[in-house]
Amino acid sequence: MNGSLAPMEAAPLATGAGPRRRAWELLLALPLAVVFAAFLLYPILTILLTSLKPGSGVLHSGGGGSSSHTIFSNYLELFRDPIYCEAMLHSLVLSASVALGATLLCLGPAWLFARYEFPGKRLMRAGFALPMSLSGILVGFLAVIMLGRVGFIPQMSQGLTGKAWLSGAAYQLSGLVIAYLYFEIPRGVVTLESALSKFDPRLDAAARSLGASRWQRFLWIVLPLIAPALVATFAVTFSVSLGSFGVALVLSKRFSVLPLELFHQVVAITNFPLASAMAVFLIALALALNFALGRWMRRHFSLRHA
Amino acid sequence: MKRFSVLSAVLACAATTFAQEKVVIQYDCIPNYANWGGVTAAYFKASGVRVPPDMKGSSAAMAALELEKANPQADTVYYNGGIGYQAAQKGLHEPYKPEGFEKIPDDLKDPEGTWFTVHTAHIAILVNTSALGGKPVPRSFADLLKPEYKGMVVYDDPTIHGTGFTFVYGINAILGGGSDFKAGFDYLKALDANILNYAKENSYNELLRGEIPIWINADGNGLKARHTDKAPVEVVIPKEGTVVLPMVMALVKGAPRPEEAKKYLDWLLGDEAQKVMAESYFRPIMKVDLGPGLSSQFLPDSAYAKVQALPLKEMAADADDFKARWTREIRAGR
Amino acid sequence: MRENLRRPGFLPLYAFTLVLWLIVMSPFAVVVLGAFLQTTFLGLSTEQWARGGDGESLFSVKWFGYVWGLYRGTLLFSVKLALLSVLLCLLIGVPGGMVLARRQFPGRDLLESIVLLPLSLPGIALSIGILQAFAIVRGEWWLILAGHLLYTLPFMVRMVMDALRSFDVAALETAARSLGAGYWQRLRWVVLPNLRHAMVAASLLVFCVSWGEFNISFLLNTPLNQTFPAALYATYTTNSFQVSSAATVIFLGVVVPALMAIQWLGGGRGVKLEQGV
Numbered sequence: 001m002n003g004s005l006a007p008m009e010a011a012p013l014a015t016g017a018g019p020r021r022r023a024w025e026l027l028l029a030l031p032l033a034v035v036f037a038a039f040l041l042y043p044i045l046t047i048l049l050t051s052l053k054p055g056s057g058v059l060h061s062g063g064g065g066s067s068s069h070t071i072f073s074n075y076l077e078l079f080r081d082p083i084y085c086e087a088m089l090h091s092l093v094l095s096a097s098v099a100l101g102a103t104l105l106c107l108g109p110a111w112l113f114a115r116y117e118f119p120g121k122r123l124m125r126a127g128f129a130l131p132m133s134l135s136g137i138l139v140g141f142l143a144v145i146m147l148g149r150v151g152f153i154p155q156m157s158q159g160l161t162g163k164a165w166l167s168g169a170a171y172q173l174s175g176l177v178i179a180y181l182y183f184e185i186p187r188g189v190v191t192l193e194s195a196l197s198k199f200d201p202r203l204d205a206a207a208r209s210l211g212a213s214r215w216q217r218f219l220w221i222v223l224p225l226i227a228p229a230l231v232a233t234f235a236v237t238f239s240v241s242l243g244s245f246g247v248a249l250v251l252s253k254r255f256s257v258l259p260l261e262l263f264h265q266v267v268a269i270t271n272f273p274l275a276s277a278m279a280v281f282l283i284a285l286a287l288a289l290n291f292a293l294g295r296w297m298r299r300h301f302s303l304r305h306a
Numbered sequence: 307m308k309r310f311s312v313l314s315a316v317l318a319c320a321a322t323t324f325a326q327e328k329v330v331i332q333y334d335c336i337p338n339y340a341n342w343g344g345v346t347a348a349y350f351k352a353s354g355v356r357v358p359p360d361m362k363g364s365s366a367a368m369a370a371l372e373l374e375k376a377n378p379q380a381d382t383v384y385y386n387g388g389i390g391y392q393a394a395q396k397g398l399h400e401p402y403k404p405e406g407f408e409k410i411p412d413d414l415k416d417p418e419g420t421w422f423t424v425h426t427a428h429i430a431i432l433v434n435t436s437a438l439g440g441k442p443v444p445r446s447f448a449d450l451l452k453p454e455y456k457g458m459v460v461y462d463d464p465t466i467h468g469t470g471f472t473f474v475y476g477i478n479a480i481l482g483g484g485s486d487f488k489a490g491f492d493y494l495k496a497l498d499a500n501i502l503n504y505a506k507e508n509s510y511n512e513l514l515r516g517e518i519p520i521w522i523n524a525d526g527n528g529l530k531a532r533h534t535d536k537a538p539v540e541v542v543i544p545k546e547g548t549v550v551l552p553m554v555m556a557l558v559k560g561a562p563r564p565e566e567a568k569k570y571l572d573w574l575l576g577d578e579a580q581k582v583m584a585e586s587y588f589r590p591i592m593k594v595d596l597g598p599g600l601s602s603q604f605l606p607d608s609a610y611a612k613v614q615a616l617p618l619k620e621m622a623a624d625a626d627d628f629k630a631r632w633t634r635e636i637r638a639g640r
Numbered sequence: 641m642r643e644n645l646r647r648p649g650f651l652p653l654y655a656f657t658l659v660l661w662l663i664v665m666s667p668f669a670v671v672v673l674g675a676f677l678q679t680t681f682l683g684l685s686t687e688q689w690a691r692g693g694d695g696e697s698l699f700s701v702k703w704f705g706y707v708w709g710l711y712r713g714t715l716l717f718s719v720k721l722a723l724l725s726v727l728l729c730l731l732i733g734v735p736g737g738m739v740l741a742r743r744q745f746p747g748r749d750l751l752e753s754i755v756l757l758p759l760s761l762p763g764i765a766l767s768i769g770i771l772q773a774f775a776i777v778r779g780e781w782w783l784i785l786a787g788h789l790l791y792t793l794p795f796m797v798r799m800v801m802d803a804l805r806s807f808d809v810a811a812l813e814t815a816a817r818s819l820g821a822g823y824w825q826r827l828r829w830v831v832l833p834n835l836r837h838a839m840v841a842a843s844l845l846v847f848c849v850s851w852g853e854f855n856i857s858f859l860l861n862t863p864l865n866q867t868f869p870a871a872l873y874a875t876y877t878t879n880s881f882q883v884s885s886a887a888t889v890i891f892l893g894v895v896v897p898a899l900m901a902i903q904w905l906g907g908g909r910g911v912k913l914e915q916g917v
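Protein chains in written order, with this note's numbering: chain C, 1 to 306; chain X, 307 to 640; chain P, 641 to 917.
Since the hints were derived computationally from the structure, they do not count as laboratory data. Idealized CB from N, CA, C, for every residue including glycine. Hints may contain errors.
Under the rule of at most 20 Å between Cα atoms (straight-line distance), these lysine to any residue pairs were calculated in the SDA-like manner [claimed, not checked]:
(1) X:Lys456 with C:Lys121
(2) C:Lys121 with P:Ala898
(3) X:Lys328 with X:Gly483
(4) C:Lys121 with P:Gly820
Partner residues are not named here, just some residues of chain P that face chain X (Cβ under 10 Å, in silico) [said to hold, decoys possible]:
(5) Phe650
(6) Gly705
(7) Tyr706
(8) Tyr711
(9) Gly713
(10) Val777
(11) Ala821
(12) Gly822
(13) Arg826
(14) Val830
(15) Thr862
(16) Ala870
(17) Tyr873
(18) Thr875
(19) Thr878
(20) Ser880
Pairwise CB distance ranges (calculated) [claimed, not checked]:
(21) P:Val659 with C:Lys163: 20 to 26 Å
(22) P:Val659 with C:Val93: 24 to 30 Å
(23) P:Val659 with C:Leu49: 49 to 55 Å
(24) X:Asn377 with C:Ala38: 15 to 21 Å
(25) X:Lys375 with C:His69: 22 to 28 Å
(26) P:Ala821 with C:Ala284: 35 to 41 Å
(27) X:Ala638 with P:Gly705: 42 to 48 Å
(28) X:Leu481 with C:Ala38: 39 to 45 Å
(29) P:Leu832 with C:Asp81: 54 to 60 Å
(30) C:Leu49 with X:Ala638: 49 to 55 Å
(31) X:Ser446 with C:Ile71: 36 to 42 Å
(32) P:Ala816 with C:Ala205: 38 to 44 Å
(33) X:Ala638 with P:Gly709: 55 to 61 Å
The shape of chain C in the complex, shown without the other chains:
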């Protein structure tokens, strides 16, 4: 689960005996702290500061200048320029739909794996875990192979039925959603499976013995108990989709998403302040989402972490 939920898990074990207990043991965590301070916190600080500087690079050369620059110029440019606004909108819509779709669709397989044993279960679970471990560009490549203009599916359907189905679907918004779902559903399945496996079947049995129907049991017993896991899945899926770069690089031909604009700014236009502003925006969004959902869950659900 994401970091904001972790403190809800079991409190650290008190294996020490009193304050004279080896304080030096804390030094063991020092390398960890140093690595993250140097390579996570310091870079974030750097882009925060850079995003406040005047723009540079190819599209700014010979003009602009400091006369019209304010501290938030880059952010204003981000929100005013139609290309970037559109990219932001695409990113948000895409991520939201993928998060919703993944959370709903992965419920089925997660339930199956958590509650039933059957031959071939390990093979199935390994198969589901595979897309998650792939590079984004690989997923994009697979999407093009299957659903591109001359992908496997259009070709097959052309051969069998004479009509090419879903040709070029990979490059549409729907195609991107499918590609994102491809690697997000496994993530959801694994997350929910562990949540569902902790679900006590006795509650379910008790409800059944009291005469509750299957749907009533699902709505009033199962759902509230796994809701935190569902919400967490939604949050993580949303964040990951928002920042997904590899898939977008391969697939987004008709429209752009923000990570691609970021890449373009750095590689071709070399406008680092603007690129930093975009990066800060993406990071802030992801952080805000996780933070907000964490707080919401802490308020609405007991500390029993599903």
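Let chain C serve as the given structure and place chains X and P on it in line with the hints.
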């Protein structure tokens, strides 16, 4: 623990294998473009020096050089003529006249040696005939505007790739436009209706597979698709004429390995290298005998009746403004 | 299996999951076949696929030779990075995870949140940060390693923490302490052996994550130091389908055995192998 010692041993071996190889870094060294894969493999065989692949496009390479000015990482660089000229103006190159420099025509090199052409190509319309779905092969730039090709045309993003930049800059001259570039931009705006996308990455694979039916790019790439990869690709030099794509190289200022870089540049103008480059159907700058088989696979000279050379000086001077204008007028409108 | 069929709801769930599974697996089948076969044998119209050459046999490994010759350096570099990631994760992440799980100190929660943070943040945004923050040492290969560590340490730390928070370890350690075992003795004979399972599974995970990492590596790559996913990307765009399929098969050839090993180790309890895509 035993695991650690095994791991460390493996890593030590891996580390040593890297330490021994000699390298020259070339920015924009795409293996399947202009046969850099073949050229660098031949150089490795000839000298034991490895030139690793680098996927940057022309503009991306120049951007990288500028970024690394204080601490250059690259030794040499390869790009499209207009961008190369611009980079030389920006002082990113070291003057160097490799062996054979005097044989290069004057308009295809800088007199001081801050850039020089290694091979040329032309802008052409590359068509995957199978992917057209029965539509006729376009024969001119005007044909490309026809509604039947909607969603079928691709050209490279000019802010990243030199070939794309040459096309958007050169179309104005091809269509007989003036210095306000109105003819060119009008054409590009009209073409936008048929554009599938402005490729940020190299689209060779997609042309081969028919994902992209029509790609405006270098004729050499199309001929390679046709003859080497045996794809149903036809290379069309448009009726209105076309422009030359001089592909230039230079020694990077402050290169980390200048001596090796110079040897490499010398070799590239030699017969062996030029012949290998010709295997990708880019025209070598040096006069080499290609043999009857290869020569016949190039398009006949008659196809190149109306070829123009773009004024590199103006192209370089206008480059940034031009890219900004393209972004504003064409890309933003999508 | 038969008694499962009697339980209501099993069949539709199983069918749904099976269909999903087949959809997930299908692209791999196409790719693997494409790397070996001439595509005529996939039963497709051959005109739209790059043909492999004249009169080639059914199985062709020449594409693998091409990929190996061209990208041998990047393959070895990626393997080296992945192994180093495992080593450093074990050296840094295990002690760190131990302290985070067992000790309470001011800032403990904050450190834990920070360590788990990279999993929720967009990789490319972080890589731009690293690029600018360490611009002076741009081109050094260990910058890429640092990026990999950002993404792999959270896994190692999380799995170590989960293993230590289980009831058994706490009980065993308390028992050992009550019997007079000192700190190092407890560490060596109680804590670490119980962590072994988590460490092995986590090491495999870290290897896979580092092997497939693209977002951060892509921008930090230099021609001299390139990771294999970047080479994959190069083949997708500039080479034929056969070459890109061969490169993909090589990539999968490393990931799939590792995944199977993780499953076989029974790492089902919440073992998540997540890639930043």
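These are the hints, each one checked on the structure:
1. Taken as a hint, the lysine 456 (chain X) and lysine 121 (chain C) pair is broken in the structure, with Cα atoms around 48 Å apart against an allowance of 20 Å.
2. Taken as a hint, the lysine 121 (chain C) and alanine 898 (chain P) pair is honoured in the structure, with Cα atoms around 18 Å apart against an allowance of 20 Å.
3. For the hint pairing lysine 328 (chain X) with glycine 483 (chain X), the CA-to-CA distance comes to about 49 Å; that exceeds 20 Å, so the pair is violated.
4. Proposed proximity of lysine 121 (chain C) and glycine 820 (chain P) is contradicted: the alpha carbons are some 45 Å apart, above 20 Å.
5. Because the smallest distance between the Cβ of phenylalanine 650 (chain P) and any Cβ of chain X comes to about 42 Å, over 10 Å, the interface hint for this residue is violated.
6. A least Cβ separation of about 12 Å between glycine 705 (chain P) and chain X goes past the 10 Å threshold, and the interface hint is therefore violated.
7. Using the Cβ-Cβ criterion of 10 Å, the hint placing tyrosine 706 (chain P) at the interface with chain X is satisfied: the shortest such distance is roughly 9 Å.
8. Interface restraint check: tyrosine 711 (chain P) against chain X, minimum CB-CB distance 8 Å, threshold 10 Å, status holds.
9. Among the interface hints, the one on glycine 713 (chain P) holds; its C-beta lies about 6 Å from the nearest C-beta in chain X, closer than the 10 Å criterion.
10. The criterion of a C-beta within 10 Å of any C-beta in chain X is met by valine 777 (chain P), whose closest approach is roughly 9 Å, and the hint holds.
11. A cut of 10 Å between beta carbons decides the hint on alanine 821 (chain P): the least distance to chain X is about 20 Å, and the hint is violated.
12. The interface hint given for glycine 822 (chain P) is broken, as the beta carbon of that residue sits about 20 Å from the closest beta carbon of chain X, more than 10 Å.
13. Because the beta carbon of arginine 826 (chain P) sits about 18 Å from the nearest beta carbon in chain X, more than 10 Å, this interface hint is broken.
14. The beta carbon of valine 830 (chain P) comes no nearer than 17 Å to any beta carbon in chain X, farther than 10 Å, and the hint placing it at the interface is violated.
15. A least Cβ separation of about 6 Å between threonine 862 (chain P) and chain X falls short of the 10 Å threshold, and the interface hint therefore holds.
16. The closest approach between the C-beta of alanine 870 (chain P) and any C-beta of chain X is roughly 8 Å, which is under the 10 Å cut-off, so the hint is satisfied.
17. Interface restraint check: tyrosine 873 (chain P) against chain X, minimum CB-CB distance 7 Å, threshold 10 Å, status holds.
18. The restraint placing threonine 875 (chain P) at the interface with chain X holds, with a minimum CB-CB distance near 8 Å, inside the 10 Å limit.
19. The restraint placing threonine 878 (chain P) at the interface with chain X holds, with a minimum CB-CB distance near 4 Å, inside the 10 Å limit.
20. Against a cut-off of 10 Å between C-beta atoms, the interface hint on serine 880 (chain P) holds, since the closest Cβ of chain X lies about 5 Å away.
21. Taking the beta carbon of each, valine 659 (chain P) and lysine 163 (chain C) are about 23 Å apart, inside 20 to 26 Å as hinted.
22. Remark: the range hint 24 to 30 Å for valine 659 (chain P) to valine 93 (chain C) is upheld by a beta-carbon distance near 27 Å.
23. The hinted range of 49 to 55 Å is satisfied by valine 659 (chain P) and leucine 49 (chain C), whose Cβ atoms lie roughly 50 Å apart.
24. At about 20 Å, the beta-carbon gap between asparagine 377 (chain X) and alanine 38 (chain C) stays in the expected band of 15 to 21 Å.
25. For lysine 375 (chain X) and histidine 69 (chain C), the Cβ-Cβ distance of about 23 Å falls inside the hinted range of 22 to 28 Å, so the restraint holds.
26. Checked against the hint of 35 to 41 Å, the pair alanine 821 (chain P) and alanine 284 (chain C) fails, with Cβ atoms roughly 48 Å apart.
27. Taking 42 to 48 Å as the suggested C-beta distance range, the pair alanine 638 (chain X) and glycine 705 (chain P) conforms, at roughly 46 Å.
28. As the Cβ distance of leucine 481 (chain X) to alanine 38 (chain C) is approximately 55 Å, the hint placing it in 39 to 45 Å is violated.
29. Separated by about 55 Å at the C-beta atoms, leucine 832 (chain P) and aspartate 81 (chain C) satisfy the suggested range of 54 to 60 Å.
30. At roughly 29 Å, the beta carbons of leucine 49 (chain C) and alanine 638 (chain X) sit outside the given window of 49 to 55 Å.
31. Range check, serine 446 (chain X) to isoleucine 71 (chain C): about 52 Å between beta-carbon atoms, so the 36 to 42 Å window is missed.
32. Checked against the given bound of 38 to 44 Å, the beta carbons of alanine 816 (chain P) and alanine 205 (chain C), roughly 39 Å apart, stay inside it.
33. About 43 Å separates the C-beta atoms of alanine 638 (chain X) and glycine 709 (chain P), a value inconsistent with the hinted range of 55 to 61 Å.
The structure does not agree with the numbered hints 1, 3, 4, 5, 6, 11, 12, 13, 14, 26, 28, 30, 31, 33 stated previously, though it agrees with the rest.
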